Amino acid sequence: MKLNLFLVVMIQKQNNNFIWKGWGNFGVNQENQGQIWKVFQIIKEEWGRRISFIGQTRFTFQPYCKDSMCIFDLNQETGEFIKIKEIYVAGGKQCSQFCNQQYVKSKSLLLNKNCMQLNIMIIKEQGDCHQVQTLSFITHFVYGSISNDGEYLITWDQGLCKITIWKLDYLD
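Using the working numbering, the first residue of the sequence shown is number 1, and each one after it goes up by one.
Note that these hints are calculated values from the structure, not bench results. Keep in mind that this is a model prediction, so the values were computed, not measured. Any given hint might turn out to be false.
Stated by the list, open to error - The list that follows gives simulated cross-link-like pairs (lysine-lysine, DSSO-like), each with its CA atoms no further than 27 Å apart:
1) Lys124 x Lys85
2) Lys66 x Lys83
3) Lys93 x Lys44
4) Lys66 x Lys124
5) Lys107 x Lys44
6) Lys66 x Lys107
7) Lys66 x Lys38
8) Lys38 x Lys107
9) Lys167 x Lys107
10) Lys107 x Lys124
11) Lys85 x Lys66
12) Lys124 x Lys83
13) Lys66 x Lys93
14) Lys93 x Lys38
15) Lys85 x Lys105
16) Lys83 x Lys105
17) Lys105 x Lys124
18) Lys44 x Lys85
19) Lys44 x Lys66
20) Lys44 x Lys124
21) Lys167 x Lys124
22) Lys93 x Lys107
23) Lys162 x Lys124
24) Lys83 x Lys93
25) Lys93 x Lys162
What the hints assert, rightly or not - Distance windows between CB atoms, simulated:
26) Gln94 x Asp169: 29 to 35 Å
27) Asn148 x Thr78: 31 to 37 Å
28) Ile165 x Ile82: 34 to 40 Å
29) Thr78 x Asp169: 39 to 45 Å
30) Lys93 x Tyr143: 17 to 23 Å
All C-beta atoms in this analysis are idealised placements derived from N, C-alpha and C, irrespective of residue type, glycine included.
Turn these sequences into a full structure, and let the hints guide you.
Have a look at this one:
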């Protein structure tokens, strides 16, 4: 009997797709007639813990303890998702599985944890990305959640045993 372990499942509401991450690969499933999900594509990629849709046909993937994050997009000619870009992100040598990637569409804002760092970045339509801020912690046991409007970020830092509430402040 083969056991499949899924670490992350992210649902993309408008396009009826979801992506899942297991050991050694991940896949894209598509809703079939509004009721059943079927495997649409399996992508062989490095092992990782974070994956999130950032648009109707685009998603990000964070390989484990790597200093780059991958962006995948749907190729209109082939109908399959392909890697279009790798972006530098701050990281480290050890990472916990908690704190999923979170995307706030109204601000094009992505929260991506990588090891002991929370990377906050803006991702534009064409896939261009720039790092807005990197928050560094003393442990990889950091958990965070961003508000639906992208105005607030809350973090739990296990190393300091504290919850911190951050407010987004725009710089000119």
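Hints versus structure:
1. Restraint check for Lys124 and Lys85: the C-alpha separation of about 13 Å stays at or below 27 Å, so the hint holds.
2. With a CA separation close to 16 Å, the supplied pair Lys66 and Lys83 stays within the 27 Å bound.
3. Our distance criterion of 27 Å between C-alpha atoms is met by Lys93 and Lys44, whose separation comes to about 23 Å.
4. This hinted pair checks out: Lys66 and Lys124 have alpha carbons roughly 22 Å apart, not beyond 27 Å.
5. Only pairs whose Cα atoms come within 27 Å are accepted, and Lys107 paired with Lys44 is rejected, the gap being roughly 31 Å.
6. A C-alpha spacing of about 26 Å is found between Lys66 and Lys107, which places the hinted pair at or below 27 Å, so the restraint holds.
7. For the suggested pair Lys66 and Lys38, the alpha carbons sit about 30 Å apart, so the restraint of at most 27 Å is broken.
8. Simply put, Lys38 and Lys107 have alpha-carbon atoms about 31 Å apart, too far for the 27 Å limit, and the pair is violated.
9. Taken as a hint, the Lys167 and Lys107 pair is honoured in the structure, with Cα atoms around 14 Å apart against an allowance of 27 Å.
10. For the suggested pair Lys107 and Lys124, the alpha carbons sit about 9 Å apart, so the restraint of at most 27 Å is met.
11. Distance check on the hinted pair: Lys85 and Lys66 sit about 14 Å apart at the alpha-carbon level, within 27 Å; holds.
12. Only pairs whose Cα atoms come within 27 Å are accepted, and Lys124 paired with Lys83 is accepted, the gap being roughly 16 Å.
13. For the proposed pair Lys66 and Lys93, the alpha carbon gap of about 8 Å is at most 27 Å, so the pair holds.
14. Of the supplied pair hints, the one linking Lys93 and Lys38 is violated, its CA atoms being roughly 35 Å apart against a limit of 27 Å.
15. With a CA separation close to 19 Å, the supplied pair Lys85 and Lys105 stays within the 27 Å bound.
16. Restraint check for Lys83 and Lys105: satisfied, since their Cα atoms lie roughly 21 Å apart, inside the 27 Å limit.
17. Distance hint between Lys105 and Lys124 is fulfilled; the C-alpha atoms sit about 10 Å from each other, no more than 27 Å.
18. Between Lys44 and Lys85, the direct Cα distance comes to roughly 16 Å. Compliance with the 27 Å bound is thereby established for this hinted pair.
19. At roughly 16 Å between alpha-carbon atoms, Lys44 and Lys66 fall within 27 Å of each other, so this suggested pair holds.
20. Distance hint between Lys44 and Lys124 is fulfilled; the C-alpha atoms sit about 26 Å from each other, no more than 27 Å.
21. For the suggested pair Lys167 and Lys124, the alpha carbons sit about 22 Å apart, so the restraint of at most 27 Å is met.
22. A distance of roughly 30 Å separates the Cα atoms of Lys93 and Lys107; the hinted pair therefore is violated under the 27 Å criterion.
23. Taken as a hint, the Lys162 and Lys124 pair is broken in the structure, with Cα atoms around 33 Å apart against an allowance of 27 Å.
24. At roughly 24 Å between alpha-carbon atoms, Lys83 and Lys93 fall within 27 Å of each other, so this suggested pair holds.
25. Note on Lys93 and Lys162: the hinted pairing holds, with a Cα-Cα distance of about 23 Å set against a maximum of 27 Å.
26. For Gln94 and Asp169, the hinted distance range of 29 to 35 Å is satisfied, since their beta carbons lie about 30 Å from each other.
27. For the hinted restraint 31 to 37 Å between Asn148 and Thr78, the CB-CB distance of approximately 34 Å keeps it satisfied.
28. A beta carbon spacing of about 39 Å between Ile165 and Ile82 agrees with the range 34 to 40 Å that was offered as a hint.
29. Judged by the Cβ atoms, the range 39 to 45 Å given for Thr78 and Asp169 holds: they are separated by roughly 42 Å.
30. Between Lys93 and Tyr143 the Cβ separation comes to about 19 Å, which falls inside the hinted range of 17 to 23 Å.
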